[in-house]
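Asks: Following the hints, complete the assembly by docking chain F onto the known chain V.
Here is what each chain is made of, one letter per residue.
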Amino acid sequence: QKEVEQDPGPLSVPEGAIVSLNCTYSNSAFQYFMWYRQYSRKGPELLMYTYSSGNKEDGRFTAQVDKSSKYISLFIRDSQPSDSATYLCAMSGPPTGNQFYFGTGTSLTVIP
Amino acid sequence: GAVVSQHPSRVICKSGTSVKIECRSLDFQATTMFWYRQFPKQSLMLMATSNEGSKATYEQGVEKDKFLINHASLTLSTLTVTSAHPEDSSFYICSAPFWIRTSYNEQFFGPGTRLTVL
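The listed protein sequences correspond, in order, to chains V and F.
Using the numbering used here, you'd call the opening residue of the first sequence number 2 and step up by one each time.
Using the numbering used here, you'd call the opening residue of the second sequence number 88 and step up by one each time.
Bound-form chain V, shown alone (with noise of 0.2 Å):
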């Protein structure tokens, strides 16, 4: 079993919509869990971070993490174009913060 599940996707919306990302993982002692937005051939740029359970809102988008069922999810509100991109889970933790385990991303379009 991977330690972080997430669908490749592909998915794709209208511009406006409300977009909705997810991750599963199995290690419960992660604590530290990542959203990164990756353009095709770039680097990964870090969205959010969130420490444990709750919510986190930045603008559009919002994260939320639910260690109970070791599940996380993104929304991006009123999506735009220029959110196009593969978005990649990533989490962290005990007994070091160093190694991040990733999902395999899920690639969004977002049509104008």
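By construction, these hints were calculated from the structure, which means they are not laboratory data.
Among the clues, some could well be false.
Claimed, not checked - Below, computed lysine to any residue pairings styled on SDA-like, alpha-carbon distance capped at 25 Å:
| hint | chain 1 | residue 1 | chain 2 | residue 2 |
| --- | --- | --- | --- | --- |
| 1 | V | 43 | F | 146 |
| 2 | V | 71 | F | 193 |
| 3 | V | 3 | F | 107 |
| 4 | F | 128 | V | 30 |
| 5 | F | 128 | V | 83 |
| 6 | F | 128 | V | 53 |
| 7 | F | 153 | F | 118 |
| 8 | F | 128 | V | 25 |
| 9 | V | 43 | F | 133 |
| 10 | V | 68 | F | 172 |
| 11 | F | 128 | V | 8 |
| 12 | F | 142 | F | 95 |
| 13 | V | 43 | F | 93 |
| 14 | F | 101 | V | 42 |
| 15 | V | 43 | F | 176 |
| 16 | F | 128 | V | 54 |
| 17 | V | 57 | V | 82 |
| 18 | V | 3 | F | 126 |
| 19 | V | 3 | F | 95 |
| 20 | V | 71 | V | 48 |
| 21 | V | 43 | F | 142 |
| 22 | F | 142 | F | 111 |
| 23 | F | 107 | V | 42 |
| 24 | V | 71 | F | 129 |
| 25 | V | 43 | F | 154 |
| 26 | V | 71 | V | 53 |
| 27 | F | 128 | V | 18 |
| 28 | V | 3 | V | 74 |
| 29 | V | 57 | V | 79 |
| 30 | V | 68 | V | 111 |
| 31 | F | 128 | F | 162 |
| 32 | F | 107 | V | 100 |
| 33 | V | 43 | F | 140 |
| 34 | F | 151 | V | 100 |
| 35 | V | 43 | F | 193 |
Every value quoted in this text rests on a predicted model; they were computed, and no experiment measured them.
Replies: Positioned in the frame of chain V, the structure of chain F alone reads:
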């Protein structure tokens, strides 16, 4: 935020040659850096952890003699793909952690290097 650079951004080489990729942390020091490999439409696969002043730690299945890693200073790690073959063609990305608190670091990624072996 912190910046990580990679050089070159793209390289095309003949089969059998060696290619060196540099990863630099520009405004912070990194005793540890990570090297990833990414195939098209797939996620990042951790290849190895580069440690300044000591040997790199390789993930299972990654050939140490094939992918030589040298962490020469607190701001520079290099990955050398030796005797490259077409199956080594991939997108190589490095990252460096910037510690936010004792148990969590933020990973800053380089822009990646696309290697094509003919």
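Asks: If a hint holds in the structure, say so; if it doesn't, say that too.
Replies: Going through the hints against the structure:
Between residue 43 (chain V) and residue 146 (chain F) the CA atoms are separated by roughly 23 Å; this keeps the pair inside 25 Å, and the hint holds. A hinted pair counts as satisfied when its Cα atoms are at most 25 Å apart, and residue 71 (chain V) with residue 193 (chain F) qualifies at roughly 21 Å. Between residue 3 (chain V) and residue 107 (chain F), the direct Cα distance comes to roughly 31 Å. Violation of the 25 Å bound is thereby established for this hinted pair. A C-alpha spacing of about 28 Å is found between residue 128 (chain F) and residue 30 (chain V), which places the hinted pair above 25 Å, so the restraint is violated.
Proposed proximity of residue 128 (chain F) and residue 83 (chain V) is supported: the alpha carbons are some 19 Å apart, at most 25 Å. Proximity of residue 128 (chain F) to residue 53 (chain V) is assessed by CA-CA distance (about 29 Å); at most 25 Å being required, the pair is judged violated. Between residue 153 (chain F) and residue 118 (chain F) the CA atoms are separated by roughly 23 Å; this keeps the pair inside 25 Å, and the hint holds. A C-alpha spacing of about 19 Å is found between residue 128 (chain F) and residue 25 (chain V), which places the hinted pair at or below 25 Å, so the restraint holds.
Taken as a hint, the residue 43 (chain V) and residue 133 (chain F) pair is honoured in the structure, with Cα atoms around 17 Å apart against an allowance of 25 Å. With a CA separation close to 43 Å, the supplied pair residue 68 (chain V) and residue 172 (chain F) exceeds the 25 Å bound. Only pairs whose Cα atoms come within 25 Å are accepted, and residue 128 (chain F) paired with residue 8 (chain V) is accepted, the gap being roughly 12 Å. For a cut-off of 25 Å, the pair hint linking residue 142 (chain F) to residue 95 (chain F) stands: about 23 Å separates their Cα positions.
For the hint pairing residue 43 (chain V) with residue 93 (chain F), the CA-to-CA distance comes to about 11 Å; that is within 25 Å, so the pair holds. Taken as a hint, the residue 101 (chain F) and residue 42 (chain V) pair is honoured in the structure, with Cα atoms around 22 Å apart against an allowance of 25 Å. Annotation: proposed proximity of residue 43 (chain V) to residue 176 (chain F) holds, straight-line Cα distance about 16 Å (limit 25 Å). Distance check on the hinted pair: residue 128 (chain F) and residue 54 (chain V) sit about 29 Å apart at the alpha-carbon level, beyond 25 Å; violated.
Simply put, residue 57 (chain V) and residue 82 (chain V) have alpha-carbon atoms about 23 Å apart, close enough for the 25 Å limit, and the pair holds. With a CA separation close to 18 Å, the supplied pair residue 3 (chain V) and residue 126 (chain F) stays within the 25 Å bound. Taking the CA atoms of residue 3 (chain V) and residue 95 (chain F), the gap is near 32 Å; set against the 25 Å cutoff, the hint is violated. About 20 Å separates the Cα atoms of residue 71 (chain V) and residue 48 (chain V), which keeps this hinted pair within 25 Å; it holds.
Of the supplied pair hints, the one linking residue 43 (chain V) and residue 142 (chain F) is violated, its CA atoms being roughly 28 Å apart against a limit of 25 Å. Simply put, residue 142 (chain F) and residue 111 (chain F) have alpha-carbon atoms about 18 Å apart, close enough for the 25 Å limit, and the pair holds. Note on residue 107 (chain F) and residue 42 (chain V): the hinted pairing holds, with a Cα-Cα distance of about 19 Å set against a maximum of 25 Å. At roughly 22 Å between alpha-carbon atoms, residue 71 (chain V) and residue 129 (chain F) fall within 25 Å of each other, so this suggested pair holds.
Restraint check for residue 43 (chain V) and residue 154 (chain F): satisfied, since their Cα atoms lie roughly 22 Å apart, inside the 25 Å limit. For the suggested pair residue 71 (chain V) and residue 53 (chain V), the alpha carbons sit about 11 Å apart, so the restraint of at most 25 Å is met. Straight-line distance between C-alpha atoms of residue 128 (chain F) and residue 18 (chain V) comes to about 24 Å, which keeps the hinted pair within the 25 Å bound. For the hint pairing residue 3 (chain V) with residue 74 (chain V), the CA-to-CA distance comes to about 18 Å; that is within 25 Å, so the pair holds.
A hinted pair counts as satisfied when its Cα atoms are at most 25 Å apart, and residue 57 (chain V) with residue 79 (chain V) qualifies at roughly 17 Å. At roughly 29 Å between alpha-carbon atoms, residue 68 (chain V) and residue 111 (chain V) are farther apart than 25 Å, so this suggested pair is violated. Pair hint residue 128 (chain F) plus residue 162 (chain F) does not hold up; C-alpha atoms about 30 Å apart against a cutoff of 25 Å. This hinted pair checks out: residue 107 (chain F) and residue 100 (chain V) have alpha carbons roughly 24 Å apart, not beyond 25 Å.
Between residue 43 (chain V) and residue 140 (chain F), the direct Cα distance comes to roughly 29 Å. Violation of the 25 Å bound is thereby established for this hinted pair. Restraint check for residue 151 (chain F) and residue 100 (chain V): the C-alpha separation of about 19 Å stays at or below 25 Å, so the hint holds. Of the pairs offered as hints, the one joining residue 43 (chain V) and residue 193 (chain F) holds, with about 18 Å between alpha carbons and a cut-off of 25 Å not exceeded.
Against the hints set out earlier in the document, violations occur for numbers 3, 4, 6, 10, 16, 19, 21, 30, 31 and 33.
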